[in-house]
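Chains as they are written, first to last, in the numbering used here: chain A, -15 to 114; chain B, -15 to 114; chain C, -15 to 114; chain D, -15 to 114; chain E, -15 to 114; chain F, -15 to 114.
In case anyone wonders, no lab produced these hints; they're calculated from the structure.
Treat the hints with caution; some may be incorrect.
The list cannot tell twin chains apart, which means a pair is met if one copy fits it or any two copies do.
Below, in silico cross-link-like pairs of lysine-lysine (DSS-like), each with a Cα-Cα straight-line distance of 27 Å or less [unchecked claim]: (1) K(-13) <-> K77; (2) K31 <-> K8; (3) K38 <-> K77.
6 protein chains.
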Amino acid sequence: MSKPQPIDEAQASPEVRAVFDDIKALRHVEDVNNFWKYLARDPVGLKRTWESVKEVMAPGALSPLVKEMIYVAVSVTNNCDYCIASHTASARKAGMTEAMFAELMAVVGMANETNRLANGYRVPIDAAFD
Amino acid sequence: MSKPQPIDEAQASPEVRAVFDDIKALRHVEDVNNFWKYLARDPVGLKRTWESVKEVMAPGALSPLVKEMIYVAVSVTNNCDYCIASHTASARKAGMTEAMFAELMAVVGMANETNRLANGYRVPIDAAFD
Amino acid sequence: MSKPQPIDEAQASPEVRAVFDDIKALRHVEDVNNFWKYLARDPVGLKRTWESVKEVMAPGALSPLVKEMIYVAVSVTNNCDYCIASHTASARKAGMTEAMFAELMAVVGMANETNRLANGYRVPIDAAFD
Amino acid sequence: MSKPQPIDEAQASPEVRAVFDDIKALRHVEDVNNFWKYLARDPVGLKRTWESVKEVMAPGALSPLVKEMIYVAVSVTNNCDYCIASHTASARKAGMTEAMFAELMAVVGMANETNRLANGYRVPIDAAFD
Amino acid sequence: MSKPQPIDEAQASPEVRAVFDDIKALRHVEDVNNFWKYLARDPVGLKRTWESVKEVMAPGALSPLVKEMIYVAVSVTNNCDYCIASHTASARKAGMTEAMFAELMAVVGMANETNRLANGYRVPIDAAFD
Amino acid sequence: MSKPQPIDEAQASPEVRAVFDDIKALRHVEDVNNFWKYLARDPVGLKRTWESVKEVMAPGALSPLVKEMIYVAVSVTNNCDYCIASHTASARKAGMTEAMFAELMAVVGMANETNRLANGYRVPIDAAFD
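So that you can see chain A by itself, here it is in the shape it has in the complex:
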């Protein structure tokens, strides 16, 4: 069996459980998402990733909503099904309306298009951008 298997709370070691508890407390949820249960195969990586995500996604100069939409933009560009599903859900929870989602998709689509036009036409960077 080569497919990675998740670690449920019942099986979790104390260090994994501590991360799960922190996620649940911070997010006011009763269970952690599959992402964390799979990553728990690597307790050190689980802790590092969670601490990093927590720091990066905290409100700062950008709001949680904007941060979640940026996360969706990257995930859609990379075509990560899991991440598109989970971060679209998080963005909605943070206040993304249907109209915002539509505009987010439109910008992501347009950026992916013009990125390739710039590549293909071999456009040199304007002096003003340096």
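Following the hints, position chains B, C, D, E and F against chain A.
What follows is chains B, C, D, E and F alone, placed relative to chain A:
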């Protein structure tokens, strides 16, 4: 000579000039960026792309600043040098502070990391996300 | 019906069967993976791809285990579900432990993150790397 | 010095020279492109790659022009500067006009856009496509 | 429920219905593909995308068949399951034979390989390509 | 001026200097690479990234050499010029010979090719891989 060449305003056909004029008027700039000068090799594509960009990037449910940051997020993920340079400049013009840029980069980096962790651990989508 | 269909051994032409037999003999398996059955729609491509894979993945300066982990790293970065599944299985067969898999994922995730930080910050290459 | 260095014809081993000679003869050119000179650091890989490229790019059900344009489409999507430059040149040599290039870019741009719209809207595959 | 939902014809607003009708008329089909039903959540984006696709995919310097194969090449490179399925179907409808499909796949695979060899060997662009 | 600017040691705040000092001590180098000088615009991100890289790249179940080669594989796949240059240098420092580099490139190229063949042929995952 196989490298695409730009079309400067002096050489521009009336239809290309009309697009250039619209860009300059809407953006309050005296000259268009290289991107448009290269795309002008294809006047129909130039017009279509500009009309689409104009519609997509107009203020709506999302602010121009948020839209520009999403553009940067996609361009960084795709590693499009031209687009990173031009849309970082646009985002700054739209109000992106150094602190916002730092958080944007942090989210983009983290999303690119966790996208791959989700792929590699083959994490199934939680029922709650459907 | 536009979806490609596999070629099973029973239907295989002599040239396809010869490739299948070589795969089975070299890998000590009783059947070939789906990848080869689908690629068999193109017998010339099947043979070329198999000969190339056989040459590239043979033990050399790098061990089969290291080569399989590199294959996984690329497949995870590209988000190729089939390739992640098949090469993770091959890597385990070649000796990849759970601890190695966790470290592999961690490096792949980190590289995908810092690749984007380098892009977004437009970091110039150090003279020492040239 | 960590940057790979090219192998010029004067330094080439007999096996490398044989590949270089085959490239020059088939393409009616007096020197090989940089790509082959760098790949020549790995004589086995050079030969394998050249034999594969020769087989794949030969006229068949698709013309050399169409094949070169497909090569450009992939290279633009991946943002490979070298490959965009070299295969755009090859496509022009095979007959790509400026109008064809403009349409090629337009399709590549549009496909990159709608790929992301399909991802982001999580569109399920129509039964008719299976 | 965070997953986007499609808009069927029965629910469609007049502006969405007008786009659906245009797609059906131009393509001689009785129903539109899922892609358009999901995109219909954003009527402005639906119209813009359809008008762009219609313009870009119309016969011109390149035939519809060649354009569809380029679309497939991009979609395969980006690993967009939906787009691979739908544009492979369109390409077959436009005349792509099994032999053409096999050659298309072979070129796409080879281009993705040599793109990375060019990156990894850091090959400088030949003067002849500028 | 929209291009990010590096922070040299002379300008560095105490928290940035502490990270620079840790990098120099651990790597036995007299100066840090450009990557860290640019990332220093974001002192919190600098520290988080360095702590993560330090943890991920430390010798463990995989050797530093293998980890650096995996880093190169990802960077080549993503076409990150800076990362290809810096991690190829690190890999050589960790013991990568020219023969290993050639095999690394060959595997990365082959994986990028077969990833697309698996996508394009829509190959279903074998039951044995689950």
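Tested hints:
For the homomeric pair K(-13) and K77, the shortest alpha-carbon distance between copies (13 Å) is at most 27 Å, but the shortest distance inside one copy (31 Å) is not. Both within a single protomer and between protomers do K31 and K8 lie at most 27 Å apart by alpha-carbon distance, with minima of 14 Å and 26 Å respectively. With identical chains, the CA atoms of K38 and K77 are at most 27 Å apart within one copy only, with a shortest distance of 17 Å there and 29 Å across copies.
Consistency with the previously given hints is maintained throughout, with no hint failing.
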